[in-house]
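Participant: Here is what each chain is made of, one letter per residue.
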Amino acid sequence: MRTLEQTTQEVLDLAATHFQLPAGSLAPGDDFFKKLGLDSLQTLEMLSRLENHFGIELPDYEVQGVSDFKTLAERIQSRL
Amino acid sequence: MLDLSKYQSIGEALRDALDQFPNEVCLIEADREREKERLTYREFKARAHPLAKALQDAGFIANDRASIIMTNQSKWLISAYAVFFSGGALVPLDYKLTPEEQWQLLRHSGASVLITEYPIWRQLSTSPGRAAATKLQTVLVTEPPPNADLAGARRWEELRGEGEPVFVPRGCKDIACIVYSSGTGGRPKGCMMTHENYLEQCVALTSIYPFWPGVRYLSILPTNHAIDFMVGFFGPFTCGAAVVHLRTLRPEFVREAFPKYKITYVSLVPLVLKNLQKGLQTRFDALSPGKRKVFNALVAINKALTKGRPLPGISRLLLKQVHQAFGGELRTIIVGGAFTEPQTLQFFYDLGIPVANGYGLTEAGTAITVNDLKPFRADTVGKPLPGMEVRILNPAPDGVGEVAVRSKTVMSGYLNEPELTAETIVDGWLMTGDLGRFDATGHLQLSGRKKNMIVTEEGKNIYPEDIEAAFESLPVKEFCVFAANYIWPKRSMVGEQLVLVLHLEQGQQLTDPLRQDINARNNRLLNYKRIHGIVLLDEDFPRTASLKIKRNALAERVAHRDNATAVLPL
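Sequences listed follow chains A and B, in order.
Everything in the first sequence is counted per our numbering, starting at 1 for the first residue and increasing by one.
Everything in the second sequence is counted per our numbering, starting at 1 for the first residue and increasing by one.
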């Protein structure tokens, strides 16, 4: 079982790879709308990547209003 | 299609539609790759009538208001039907608003019933805003877990009355819906839409884009939005067509839905349409040079053949693979909610997929103009719909002026806002606040806004007044939020942004801590509501006798500055 820290790190690494950013350039508190300039659609695409990686389903309502990696990781953790 | 001229209300027309098309499929709901349910009109009735009876048994009477806060799904439409059947007025609210915003609008609307889904209720029920909605008596929650604490709500699935409900007739001038076009945080703008507004709009729209049994409409735009309510509920239902709901709006599942359910129509906001374009373009670019050459030639042939009007059969033959990806039955993509760039519209039309571009406002009863594809024009928002009188007020030499509309589809006013209503509807004409001109062929071309607001590519209307609450008690002398276009008008409908005008205290500087404070507050706003820059103004803001900021006068003062240098990045 992953710890929350591990999950958070994996989320950050995956997001960095997905958006072709250098590893370590994202932090848990980063707002992904602002930091990555994402729109709502790109966020949904990123979520699908994360779902596949963690082997979980994240209903849309679970991520409604979430805009930082830390909270996102917490939502993922609760479903692992 | 039902002859809607015979009907007085939405409820009456929907009631007859269920009996007219009993064996046709009306709803399909899917969650990811799983189909959750498929209902015929007869089965829809069997679900909706017990709910209507239960509402009536609980004391819900004519003109009572019931709000729905739900993602798109069967239960949204079943609940709405039960409300209309019982003579109620519907208050459809955006499920993406924060709980505080939702409570504020629930209170403003005076809703006595709330129908929502469990994850939304979980957040709503613990929000302090709950205490404000004193008129709310009944809360129905869909799909709660078996042992969930419902905090005073009842289970939607268990609310089934015994026996037949009584149909409650309404007049065509009665309020059918209160639709909030904006106004969380500031002055809520609850558009009071009459039954006549919807009946007239439905006749006008279906005269150009018809529905019939067998048509499948993919409902992606939120149903609380005027467009989806019309083309994803009332329109298809009065014609015996089917609506497909997806519980997950991930792009891959949306893409799969087109071929899986043989979609006929879909409505999208410009952002999603552009994303689709990008995806297709990437695939075209990946073709080998030989295949690319053949493909380009086929597109050129299609373009030449469809110059005068769409020829779906021929386009599907010529560009078979593209059309198969969309299920092979797609007739039109309806795009709305915000301005769409002409090159995106042209891209799809050249592939044989017409995009019904139009222009509308909630206040006008959804659409005002729509492209009738006779012929297709990417550079306009089309011609006025039947029954719409549209004129340009005080046109400049180039013909551009404010667009005004008169029609039976125009709302009766803003709820509890007689002054705002009087400013907006003048001598029967709705002042849209948008700027445009008619070309020689009667097509409307939009070219900017007169009003202080922006519309995002996701179709969100943002009024600066509504987001000022986020900057309350900011340690500066005074501040005001504006749409940049309102200060420095430009003839464009894209790339609109908000700016924060600051008047600092004497001797105060825009220091890093102040910037950080502004940034932190800005980041608490939903991403599409955020400001993009700061403008410093070293003078007192003009104010009224009651000390309200005179926004027009302030905008004029700021406008003297050069916008290229005046707007500081955050």
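Incorrect hints may have been included.
Quick list of in silico lysine-lysine cross-link-like pairs, DSS-like style, CA-CA up to 27 Å [claimed, not checked]:
(1) B:Lys-36 <-> A:Lys-35
(2) A:Lys-35 <-> B:Lys-260
(3) B:Lys-260 <-> B:Lys-274
One-sided and incomplete, this derived list gives chain A residues near chain B with beta-carbon spacing under 8 Å [what the hints assert, rightly or not]:
(4) Phe-19
(5) Asp-31
(6) Asp-39
(7) Glu-45
(8) Asp-60
(9) Tyr-61
(10) Val-63
(11) Ser-67
(12) Lys-70
Please keep in mind that the hints were generated in silico from the structure rather than gathered at the bench.
Don't be surprised by glycine CBs; every beta carbon is placed ideally from N, CA and C.
Participant: Does each hint fit the structure? Answer for all of them.
Facilitator: Results for each hint:
{"no.": "1", "hint": "B:Lys-36 <-> A:Lys-35", "verdict": "violated, 37 Å"}
{"no.": "2", "hint": "A:Lys-35 <-> B:Lys-260", "verdict": "violated, 36 Å"}
{"no.": "3", "hint": "B:Lys-260 <-> B:Lys-274", "verdict": "holds, 22 Å"}
{"no.": "4", "hint": "Phe-19", "verdict": "violated, 15 Å"}
{"no.": "5", "hint": "Asp-31", "verdict": "holds, 5 Å"}
{"no.": "6", "hint": "Asp-39", "verdict": "holds, 6 Å"}
{"no.": "7", "hint": "Glu-45", "verdict": "holds, 6 Å"}
{"no.": "8", "hint": "Asp-60", "verdict": "holds, 6 Å"}
{"no.": "9", "hint": "Tyr-61", "verdict": "holds, 4 Å"}
{"no.": "10", "hint": "Val-63", "verdict": "violated, 11 Å"}
{"no.": "11", "hint": "Ser-67", "verdict": "holds, 6 Å"}
{"no.": "12", "hint": "Lys-70", "verdict": "violated, 13 Å"}
In summary, the structure is inconsistent with hints 1, 2, 4, 10, 12 from the numbered list given earlier, while agreeing with the others.
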